[in-house]
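**Student:** With the hints as constraints, model all of the structure from the sequences given.
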Amino acid sequence: MNATAKSLQQTETDKLKKDIRRLRRLLREAETEIARLEPLVDLDPLVPLFNRRAFTRELDRVVSYCKRYGTTAVLVYFDLDGFKSVNDRFGHAAGDVVLKHVAHIVAQSIRKSDIAGRLGGDEFGVLLVRTDAARASVAVERINGAIAETPVEIAGHEIAVTASTGLALVDGSDDAASIIRHADEAMYAARQRAGVTR
57 MNATAKSLQQ TETDKLKKDI RRLRRLLREA ETEIARLEPL VDLDPLVPLF
107 NRRAFTRELD RVVSYCKRYG TTAVLVYFDL DGFKSVNDRF GHAAGDVVLK
157 HVAHIVAQSI RKSDIAGRLG GDEFGVLLVR TDAARASVAV ERINGAIAET
207 PVEIAGHEIA VTASTGLALV DGSDDAASII RHADEAMYAA RQRAGVTR
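Residue numbers (my numbering): 57 to 254.
Check before you lean on any hint, since a few could be wrong.
Distance ranges between label pairs, derived from CB positions [as the list claims (entries may be wrong)]:
1) D227 / R78: 52 to 60 Å
2) R198 / A250: 12 to 20 Å
3) L93 / A163: 18 to 26 Å
Derived by calculation from the structure, the hints in this document are not laboratory data. Yeah, the Cβ is synthetic: ideal placement off N, Cα and C, and Gly gets one too.
**Tutor:** So, in structure tokens, the structure goes:
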């Protein structure tokens, strides 16, 4: 091989090495960005709780766990009472303040092993893991009490917040969508019994 050919080969090798280093750097940057963004995919954009998709995924996992190990959990479905009137009277920014307030109370009121999410609008779900209906009822009373006892101040007005709740047992016999539907139906029935309007 003559000197010119050797020089061309070395130049080509150097160029390939440089390209490999650049691609490795870009890959590291992409991996760092993915690691930063990945947790955000599961969070609700307004409140620091799981979004519906992530909550349903976690509920599916708990359903499988309950089925496999013969244990139970309880899904609590919360829907804020009179939330539409808060939005109508004070605006959507005020409604967002109420949602953040309730999300904070919910997050502070559950165990680390429990799972909370915003299921949409003014609806929240709490999955009480390794719990039966009796213990779940006590937890619901505690959470509802905390919500009712801490009004939200908006534009100089104290806004009382309450929630209607429905419970559904998770024992591994239903899928996540059915369990959410049962809890929603139980919440709606409780709301009707109490004479609460949306």
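**Student:** Hints first: check each against the structure and report whether it holds.
**Tutor:** Quick rundown of the hints versus the structure:
1. D227 / R78: 52 to 60 Å: 55 Å, holds
2. R198 / A250: 12 to 20 Å: Distance hint for R198, A250 holds at roughly 19 Å.
3. L93 / A163: 18 to 26 Å: 22 Å, holds
The structure agrees with every numbered hint stated previously.
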